[in-house]
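*Asks:* Everything in the sequence shown is counted per my numbering, starting at 1223 for the first residue and increasing by one.
Treat each hint with caution, since some may be false.
[Claimed, not checked] Distance windows between CB atoms, simulated:
| # | residue 1 | residue 2 | range |
| --- | --- | --- | --- |
| 1 | 1235 | 1281 | 44 to 50 Å |
| 2 | 1231 | 1283 | 51 to 57 Å |
| 3 | 1239 | 1277 | 45 to 51 Å |
| 4 | 1263 | 1238 | 41 to 47 Å |
| 5 | 1283 | 1258 | 39 to 45 Å |
| 6 | 1267 | 1243 | 44 to 50 Å |
| 7 | 1248 | 1228 | 49 to 55 Å |
Everything labelled a hint here was simulated from the structure, so no lab data went into it. Quick reminder that beta carbons are idealized off the backbone N, C-alpha and C, glycines included.
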Amino acid sequence: NIIEGNARRNDDLINRLHGIIRPFVLRRLKKDVETQLPGKFEHIVKCQLSRRQMFLYEEFMARSSTRKAMHGGNFMGMM
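Using the sequences and the hints, build the whole thing.
*Replies:* Take a look at the structure:
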């Protein structure tokens, strides 16, 4: 069992666990897997916002910081 306040004992248990499961963990690099994946398809599905979502959206768009970021073109800064 993991024991509170006994970091050394916990580290030993974690290391033992890693040793046990390591042979069963499959690790592959993205560059190796990427060629095996099918092509990407993107679908845009438009739907109406709920009342709550519309309220939050309008509140967000009304903020001066949002308007300033949109005017300056810094869309990533809004996230």
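*Asks:* If a hint holds in the structure, say so; if it does not, say that too.
*Replies:* Against the structure, the hints come out as follows:
no.: 1; hint: 1235 - 1281: 44 to 50 Å; result: holds (49 Å)
no.: 2; hint: 1231 - 1283: 51 to 57 Å; result: holds (54 Å)
no.: 3; hint: 1239 - 1277: 45 to 51 Å; result: holds (48 Å)
no.: 4; hint: 1263 - 1238: 41 to 47 Å; result: holds (44 Å)
no.: 5; hint: 1283 - 1258: 39 to 45 Å; result: holds (42 Å)
no.: 6; hint: 1267 - 1243: 44 to 50 Å; result: violated (39 Å)
no.: 7; hint: 1248 - 1228: 49 to 55 Å; result: violated (32 Å)
This entry does not satisfy hints 6, 7, going by the numbered hints stated previously.
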